[in-house]
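A.B. asks: Chain by chain, the residues run as shown.
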Amino acid sequence: MNNLSKDVWVFIEQREGKPADVSFELLSKGRKLADNMAGNLKAVVIGHEVKNIAVETFNYGADEAILVDSPELKNFLTLSYSRIINELVIEHQPRVVLFGATVFGRDLAPRVASFTKSGLTADCTDLKISNVNYLGKDYSDLLLQIRPAFGGNIIATIISPDVPTQMATVREGVMEMIKVENPKAVKITEIKYTPVDVDKLVEIVEQHREESKINLKGAPIIVAGGYGLGSKENFKLIHDLAHTIGGEVAGSRAAVDAGFITPERQVGQTGVTVRPKLYIAVGISGAIQHRAGMQESNKIIAINNDPDAPIFEVAHYGILGDAAEVIPLFIEAYKQKLK
Amino acid sequence: METGIAQNKVAESLTFFYFCPPFNEKISRNIEELMYNSIVLVKQVPDTANISGKVMRDDGTVNRSKLPAIFNFEDKVALELALQVKDKFGGKVTAVTMGPQRASDILRECLYLGADDVYLISDRKFAGADTLATSYVLSEAIKKIGDYHFIFAGRQAIDGDTAQVGPQTAEKLGIPQITYAEQVLDIKDERVIVRRRIDGGYEILKSTFPVLITVIKDATEPRPFQLKRVMAYKNAKSIIDLEKVVDGNSLLYIDKLVHEYKEKSLLINTLTTDDLNVDAERCGIKGSPTKVHKIESVVLAGGSHTKIEPTKAGLGSLIDQLTQDHIFG
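Residue numbers (numbering that gives the first Met the number 0), protein chains in the order written: chain A, 0 to 338; chain B, 0 to 328.
Hint data in this document are derived by calculation from the structure and do not stem from the laboratory.
Hints may be right or wrong, so weigh each one.
From the structure, some residues in chain B lie toward chain A, with a derived Cβ separation under 8 Å [said to hold, decoys possible]:
{"no.": "1", "residue": "D122"}
{"no.": "2", "residue": "R123"}
{"no.": "3", "residue": "Q163"}
{"no.": "4", "residue": "L204"}
{"no.": "5", "residue": "S206"}
{"no.": "6", "residue": "M230"}
{"no.": "7", "residue": "A231"}
{"no.": "8", "residue": "P288"}
{"no.": "9", "residue": "K306"}
{"no.": "10", "residue": "K311"}
For every residue, glycine included, the Cβ atom is placed at its ideal position computed from N, Cα and C.
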């Protein structure tokens with residue numbers, strides 16, 4: 000395919016007029032990808048009275064912002080938002096489009112990929128631009144979409160070699176948010192929104208959001224429990240330890256699935272990615288999906304009774320033993336030393 | 000297929016034919032009868048959450064063919080929601096899966112749980128499909144089955160966790176979607192009211208019919224198998240199962256057998272490329288824009304860590320170390 004675009008687009012998600020962190024994280028990554036291809040980075044901002052968000056995207060490396068602003072676009076709705084992006088993608092054929100793997104991003108991206116017949120990979124943990132030889136054919140500047148797959152037993156590199164537009168979703172926290180030193184001059188292209196009947200097939204009756212009190216991403220200390228704790232009662236040990244040392248409580252996906260802890264506290268590929276000063280993993284075996292969400296922590300302590308648990312491979316300190324015995328000792332030693 | 004008019008043209012023309020007249024006629028007839036038919040998309044998945052030593056090869060990689068195959072849990076929850084709609088409003092529940100022959104196992108489970116009809120979409124040409132090619136075939140099968148208000152599906156399947164097939168199928172059918180649904184609250188004035196999860200809370204949406212709804216696992220608890228139905232449907236078979244039964248016998252016999260099973264409602268309907276209005280270029284590997292370039296087995300780096308004794312002295316020295324590093328204190 001000749002004359003392919005070199006542009007990278009990022010869908011900027013906003014909730015009640017506030018931009019989602021993941022969108023700026025993706026701009027930072029998108030900046031690098033665009034530079035690798037010598038292309039432009041464009042932010043797509045949809046909402047109502049969101050021009051300020053479009054302006055802010057330049058602090059994270061945007062070359063241009065496409066703004067679609069209308070009272071009818073105040074809240075995310077699949078049909079109107081996807082129709083707008085479909086039309087833009089068909090018209091401009093960007094080489095790469097990135098979405099946050101949020102509820103809205105995971106609702107929107109597949110709909111757009113289906114309409115535009117683009118390749119889409121969910122929950123990528125890394126993205127790169129590279130020349131690729133695939134089945135004997137050379138492709139230049141393909142997007143490598145890297146993600147753990149199959150229960151974390153493999154890491155797959157996915158490519159979409161034969162379509163003009165390559166799409167990916169990425170979870171919040173996976174990419175680093177970096178403010179650029181010399182932002183480009185603000186260049187906003189406003190696109191007029193013309194509603195059509197199908198945009199209104201689904202309406203919002205009401206919406207409830209609570210300011211989340213949980214801030215895993217910003218917590219300096221995290222104590223995370225896994226399925227190895229065995230029961231919700233034993234999981235209380237995690238709360239005790241976190242309370243003592245001033246940490247936030249988190250869990251692995253298995254702990255969430257078992258009902259030990261709520262999904263918004265899940266660390267890993269399909270949860271939150273964290274980089275605290277200290278991460279204590281208790282009864283977590285350490286599947287790649289979990290490690291993807293915590294291995295960049297400054298210091299990692301693993302507490303596990305299985306000496307072969309993969310979590311020990313990323314740990315700085317390993318404690319072989321039962322949580323029920325180790326945690327009370329830890330608490331006692333901490334109190335003695337520091338209180 | 001009358002409902003397929005729009006789909007191939009839209010991308011080029013940028014004109015959005017979301018609903019086609021023949022389709023709407025079918026739906027309005029059903030609304031008069033106050034019946035709400037559901038199609039439920041289900042998938043058989045390898046049990047990736049429970050990998051035991053038995054499936055590990057000597058080199059430490061997973062032998063996927065040895066993993067037990069299970070009913071994707073969120074799809075079971077989706078079936079339950081469809082059955083609840085049926086219990087409350089009346090209608091028919093049809094379960095559909097795309098996969099290899101052995102996927103008929105979960106269709107039998109759907110029958111045990113209360114599905115009225117089941118379809119296995121199976122063809123070697125469908126193999127290797129990514130989510131786009133999968134949703135293309137599913138959407139064509141759904142058009143063939145027809146006559147529905149709801150399509151329910153699990154939010155995602157545990158083997159890929161992509162959550163893409165639901166929305167992509169809705170797009171291919173040109174119908175609205177509601178993802179991450181927690182509850183079907185009500186049906187009134189030809190609209191369905193659904194509560195869905197969003198980041199940081201929930202919202203309540205109202206949609207026209209037909210609509211595709213993907214369901215999260217907390218939505219509801221699947222009912223247990225109904226013993227009567229297990230007895231009734233345990234011998235349900237697909238045409239390929241029946242072919243094995245008559246192996247070596249004449250084709251006439253298979254026709255008879257199929258007829259007999261159909262009469263007894265024991266036939267698992269099978270759809271192949273011959274039965275569907277599909278473009279082979281859009282199926283399977285050919286129709287999949289995403290390709291697996293590289294797979295690396297996860298080999299642990301064997302990083303070294305400091306071993307801490309699980310004693311008060313051991314933990315005490317660890318706490319001292321972390322205090323020195325300005326993490327504690």
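A.B. asks: Taking the hints in turn, state whether each one holds.
C.D. replies: Hints versus structure:
no.	hint	in the structure
1	D122	21 Å, violated
2	R123	20 Å, violated
3	Q163	4 Å, holds
4	L204	5 Å, holds
5	S206	5 Å, holds
6	M230	32 Å, violated
7	A231	33 Å, violated
8	P288	4 Å, holds
9	K306	5 Å, holds
10	K311	5 Å, holds
Checked against the numbered hints above, the structure violates hints 1, 2, 6, 7; every other hint is satisfied.
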